[in-house]
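Trainee: Here are the chains, one letter per residue:
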Amino acid sequence: MTVKITKFIVIYAFVALLSACASTQVQYGDAGSAKPLVTEFGSSDLQQIAGSMVDSLLTFEPVVELTSKARPVLLVDSVKNKTMQHIDTESITDSIRAKLIRSGKFRFIDRTTDDAALEEFRTQQESGLVDKEKAVKMGQQFGAEYILTSNFSEIRQQAGNVTDVYYKFTMSLKNLKTGILEWSDEKEIRKVSKRSTFGG
Amino acid sequence: MTRLVALLFGLLLISGCAATSGIEATGKTTWNEEGARELSKRVVINNGSLARDIEVADVTSSQVGDLMRAQVMLRSRDSGTLQFQYKFDWYDIQGVEVVDNAPWQPVILYGKEAKTIHGLGPNPRAREFKLKLKGTDE
Numbered sequence: 001m002t003v004k005i006t007k008f009i010v011i012y013a014f015v016a017l018l019s020a021c022a023s024t025q026v027q028y029g030d031a032g033s034a035k036p037l038v039t040e041f042g043s044s045d046l047q048q049i050a051g052s053m054v055d056s057l058l059t060f061e062p063v064v065e066l067t068s069k070a071r072p073v074l075l076v077d078s079v080k081n082k083t084m085q086h087i088d089t090e091s092i093t094d095s096i097r098a099k100l101i102r103s104g105k106f107r108f109i110d111r112t113t114d115d116a117a118l119e120e121f122r123t124q125q126e127s128g129l130v131d132k133e134k135a136v137k138m139g140q141q142f143g144a145e146y147i148l149t150s151n152f153s154e155i156r157q158q159a160g161n162v163t164d165v166y167y168k169f170t171m172s173l174k175n176l177k178t179g180i181l182e183w184s185d186e187k188e189i190r191k192v193s194k195r196s197t198f199g200g
Numbered sequence: 201m202t203r204l205v206a207l208l209f210g211l212l213l214i215s216g217c218a219a220t221s222g223i224e225a226t227g228k229t230t231w232n233e234e235g236a237r238e239l240s241k242r243v244v245i246n247n248g249s250l251a252r253d254i255e256v257a258d259v260t261s262s263q264v265g266d267l268m269r270a271q272v273m274l275r276s277r278d279s280g281t282l283q284f285q286y287k288f289d290w291y292d293i294q295g296v297e298v299v300d301n302a303p304w305q306p307v308i309l310y311g312k313e314a315k316t317i318h319g320l321g322p323n324p325r326a327r328e329f330k331l332k333l334k335g336t337d338e
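If you read the protein sequences in the order shown, they are chains A and B. Oh and the first sequence: position 95 is 95 in the working numbering, straight run, nothing missing. In the working numbering, each residue carries its 1-based index in the second sequence increased by 200.
Honestly, the hints are just simulated from the structure, not real lab data. One thing to keep in mind: the hints can contain errors.
Below, computed lysine-lysine pairings styled on DSBU-like, alpha-carbon distance capped at 35 Å [said to hold, decoys possible]: (1) A:69 to B:228; (2) B:287 to A:174; (3) A:187 to B:287.
Chain A on its own, in the form it takes in the complex:
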């Protein structure tokens, strides 16, 4: 009798374990979570880079002085992706730009939307639909005073079951008039993955 009960408990426990493994659960996750899943570039890495770059730029003493008098006009250049991965680098610069705009310290020029702006200008000037007095005049836009440039690189090492990936994101602020690099900083991220023989 005791053996029968024990067998029943063993089977029940196995079923409970297996059913726990097989279930699929969908739930909302924390968009800002820093829990790494793989060594590939992930959302947390993107957010860490954007946060670190913005904090560094806003606390750099000459930049603090510069932004205390006026809101300089910036242009963000596309990131030079030197990694082996296909990364949406525009997403990194978009995050950096959004954070800088939120600080209220800078103004930005976005060249990626110029085609749409030109189309609207043409409509206003040539279509005859818009009152000439109220149409936006061409040739009055601001030019960027500074340009934010960035490089992104990785060093990948693999030995047996261990994969070690080192990421480096470097960003610089260049004065377009003088050519001087007013600020530069880098953010390093290291991710290590170990594949275990059991349960991996």
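Go by the hints and put chain B onto chain A.
Mentor: Relative to the frame of chain A, chain B by itself:
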């Protein structure tokens, strides 16, 4: 057979026992009668498990231009390596949250190590901060 039963139940228990834990440290900028800046500090410990391993050794703040900068020194009480996440939340002078969408930042503390972590207010309205700590698996 009895050992196998014990092992299976042990596995079931372990898989279902991922407890959440956290620490909160807050700092608020106020001005005294002479107009000098003062920082009031508060440490809230929600759960003992992380608080046993990490001590909030110091909470300070400074002004960078018109932005508030928070600095918190954390000290490990553990002799092993601790991995956890931190995040600063920001509030204005009336206690209304200044939305930052800041992510959780990973941090590693080696045995008995003390480390300083920094946070920068998202804009000049931010005058109070709250530091939140949690484990890496949450």
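Trainee: Each hint needs a verdict: does it hold in this structure or not?
Mentor: Structure-based check of each hint:
| no. | hint | result |
| --- | --- | --- |
| 1 | A:69 to B:228 | holds (27 Å) |
| 2 | B:287 to A:174 | holds (31 Å) |
| 3 | A:187 to B:287 | holds (18 Å) |
Checked against the numbered hints listed earlier, the structure breaks none of them; every hint is satisfied.
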